[in-house]
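> Going line by line, the protein sequences match chains D and E. Be aware that the first sequence starts at 2, since it is given in this note's numbering, and climbs by one per residue. Be aware that the second sequence starts at 568, since it is given in this note's numbering, and climbs by one per residue.
Calculated directly from the structure, the hints in this document are not laboratory data. Source: prediction; values computed, not measured. Among the hints, erroneous ones may be present.
[To be verified] Quick partial rundown of chain D residues pointing at chain E, CB under 10 angstroms, derived from the structure:
| hint | residue |
| --- | --- |
| 1 | Ile24 |
| 2 | Ala25 |
| 3 | Leu94 |
[Claimed, not checked] If you only want the chain E side, here are some residues facing chain D, beta carbon under 7 angstroms, derived:
| hint | residue |
| --- | --- |
| 4 | Pro727 |
| 5 | Glu908 |
| 6 | Gly911 |
| 7 | Pro947 |
Quick reminder that beta carbons are idealized off the backbone N, C-alpha and C, glycines included.
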Amino acid sequence: MSEVTRNKLNRREFFSYLSVGWIAFTAACAGLAGMAFRFSYPNVNFEPEMDFIAGRIEDYEEGVDERWKNGFGVWMVKEEGKLVALSNICTHLGCVPNWMPAELKFKCPCHGSGYYTSGINFEGPAPRPLERYKIGLTPEGTIKVDKTKLYRYEKGQWDNPNSFLSV
Amino acid sequence: MKELINYLADPIRSFPITCVLYFLMMKYYKVVGTKKFAWIAGTLFFITAGMFAMDPNFWLIITWPDNIPISILILSVGFLTWFTLYKCAENDKRIEAGECPIEALPENREKVWAWPNLVYTELFAIIAGTAFLIAWGILFDAPLEEPANPTWAPNPAKAPWYFLGLQEMLVYFDPWMAGVVLPGLILVGLIAIPYIDTNPKGNGYYTFTERKMAVSMFMFGWLVLWLYLIIVGTFLRGPNWTFYGPFEFWDFHKVVAEYNVNLSEFFWVFGLKQALPGNLIIRELPGIILTILYMGIPVALTFNSLNAIFQSIGESKNKFLNITMIAPAFKCLAGIPAFIEKTGYIRYYIYVYLAVIMAMLPVKMVLRWLFSLKYIIALPEWELNL
Ligand code: FES
Numbered sequence: 002m003s004e005v006t007r008n009k010l011n012r013r014e015f016f017s018y019l020s021v022g023w024i025a026f027t028a029a030c031a032g033l034a035g036m037a038f039r040f041s042y043p044n045v046n047f048e049p050e051m052d053f054i055a056g057r058i059e060d061y062e063e064g065v066d067e068r069w070k071n072g073f074g075v076w077m078v079k080e081e082g083k084l085v086a087l088s089n090i091c092t093h094l095g096c097v098p099n100w101m102p103a104e105l106k107f108k109c110p111c112h113g114s115g116y117y118t119s120g121i122n123f124e125g126p127a128p129r130p131l132e133r134y135k136i137g138l139t140p141e142g143t144i145k146v147d148k149t150k151l152y153r154y155e156k157g158q159w160d161n162p163n164s165f166l167s168v
Numbered sequence: 568m569k570e571l572i573n574y575l576a577d578p579i580r581s582f583p584i585t586c587v588l589y590f591l592m593m594k595y596y597k598v599v600g601t602k603k604f605a606w607i608a609g610t611l612f613f614i615t616a617g618m619f620a621m622d623p624n625f626w627l628i629i630t631w632p633d634n635i636p637i638s639i640l641i642l643s644v645g646f647l648t649w650f651t652l653y654k655c656a657e658n659d660k661r662i663e664a665g666e667c668p669i670e671a672l673p674e675n676r677e678k679v680w681a682w683p684n685l686v687y688t689e690l691f692a693i694i695a696g697t698a699f700l701i702a703w704g705i706l707f708d709a710p711l712e713e714p715a716n717p718t719w720a721p722n723p724a725k726a727p728w729y730f731l732g733l734q735e736m737l738v739y740f741d742p743w744m745a746g747v748v749l750p751g752l753i754l755v756g757l758i759a760i761p762y763i764d765t766n767p768k769g770n771g772y773y774t775f776t777e778r779k780m781a782v783s784m785f786m787f788g789w790l791v792l793w794l795y796l797i798i799v800g801t802f803l804r805g806p807n808w809t810f811y812g813p814f815e816f817w818d819f820h821k822v823v824a825e826y827n828v829n830l831s832e833f834f835w836v837f838g839l840k841q842a843l844p845g846n847l848i849i850r851e852l853p854g855i856i857l858t859i860l861y862m863g864i865p866v867a868l869t870f871n872s873l874n875a876i877f878q879s880i881g882e883s884k885n886k887f888l889n890i891t892m893i894a895p896a897f898k899c900l901a902g903i904p905a906f907i908e909k910t911g912y913i914r915y916y917i918y919v920y921l922a923v924i925m926a927m928l929p930v931k932m933v934l935r936w937l938f939s940l941k942y943i944i945a946l947p948e949w950e951l952n953l
């Protein structure tokens with residue numbers, strides 16, 4: 002073996018360097034990808050509670066009540082002997098409609114869908130009525146609204162006894 | 568006067584007006600594409616704009632920071648459209664006289680290097696653009712609003728200006744249509760143009776006579792369906808996405824009586840005077856049949872027997888048919904077999920389906936205005952509405 006060839010990297014050495022380098026590169030990429038993935042999740046979660054106690058039946062007057070709208074995104078509507086918890090998410094594309102007391106309707110600012118106090122859609126592009134949340138009484142007699150369970154009118158779920166309280 | 572303009576600006580009236588204006592512009596492009604026309608139209612435009620700007624409500628709308636890009640856009644698109652027509656008119660006159668287009672003259676065919684000729688121009692464009700944006704950024708504050716809140720939305724809640732056309736489209740369609748399918752098809756269609764369009768006419772030079780169909784279809788989609796909707800969405804939609812005329816005050820309590828009805832209700836309840844059938848498919852059958860028929864149009868156009876009818880209408884000498892462009896349109900349809908022969912069925916179907924789907928937007932807008940029709944097929948149970 003001459004001096005010249007010994008100074009060069011031999012095949013075995015080359016491959017061990019290559020594999021170390023390759024592993025390091027892969028690890029760096031994986032680390033970056035992991036960080037990027039982690040970054041897409043929020044550090045603090047401001048999700049509102051999914052269920053809450055909404056006072057007592059006597060607290061509500063006939064009509065639409067907005068007291069839980071900002072905290073929980075729920076309108077309490079007392080009408081025709083029923084108290085229901087109406088979702089405030091437009092069924093068109095998910096904007097937040099406004100309650101318009103003078104016109105007695107919910108009106109969406111995004112594409113102009115309108116809903117009656119009952120939640121039934123009548124104008125604009127909304128394809129179906131607002132959803133109801135599960136509503137029930139606790140043993141102490143307070144109202145409990147559970148937002149994990151939805152009741153949809155067009156599926157005939159508004160007859161479900163969990164979707165309203167008789168008052 | 569202001570009342571009249573407010574009245575005319577309502578999409579129900581301004582959309583047909585825009586279509587007619589567009590049609591006139593394309594029909595008389597040789598008149599539009601002259602310098603004299605540009606001077607007159609430009610002066611008139613600025614005089615009217617100045618008069619409009621005296622109105623406080625109009626002034627408020629056009630100087631709203633979000634809306635300034637639209638004002639710039641109206642000016643630049645107006646100019647560029649005129650410029651194209653001007654170039655087209657120039658070339659078409661030469662082509663008619665049997666000469667070559669201006670771009671093909673020997674002195675215009677001389678080639679230059681990209682560096683420095685092109686790169687310098689680009690560099691200056693970049694610097695000018697940056698300077699403009701900096702000046703704008705200093706002069707106008709960003710229209711920032713309060714922090715986002717999931718239980719509250721601003722009223723009106725508007726998308727960025729370049730998406731206002733899509734938002735306006737959403738008024739007529741279900742989100743999956745106007746938010747996913749149609750924008751997706753716009754992109755796919757634009758990408759597909761070079762593959763569908765194998766006609767070498769118009770490559771490297773302006774012309775309208777040689778590419779009537781292609782140019783007018785693209786310009787209709789761009790000017791009428793895209794820009795017109797952006798302008799409506801920007802200037803004419805106020806709180807609750809209600810229509811407000813350009814001189815109208817944005818009164819949050821403007822009430823518009825509107826009641827939208829699905830086709831199924833029209834058919835079963837108003838037509839046959841019975842309750843909606845319980846079975847979803849039967850309930851929506853009228854809409855489904857109509858949709859299938861509509862989607863069958865491109866296939867039907869290839870039938871020979873229909874072609875003969877198109878031919879005879881296309882060749883008719885009736886004045887009315889010719890002035891309203893009905894006869895030329897039919898002549899176009901009669902050319903379909905030749906078109907298929909040249910390009911093949913696959914290209915034909917892709918092209919015509921893109922056109923048919925694009926036409927769905929004006930069709931649905933008109934149906935909404937005339938009949939308050941909400942959805943042709945309404946299957947909210949399956950989240951499927953058309
Ligand atoms: S999101 Fe409410 S109307 Fe479109």
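> Tell me the hint numbers this structure goes against, listed in increasing order.
1, 2, 4, 5, 6
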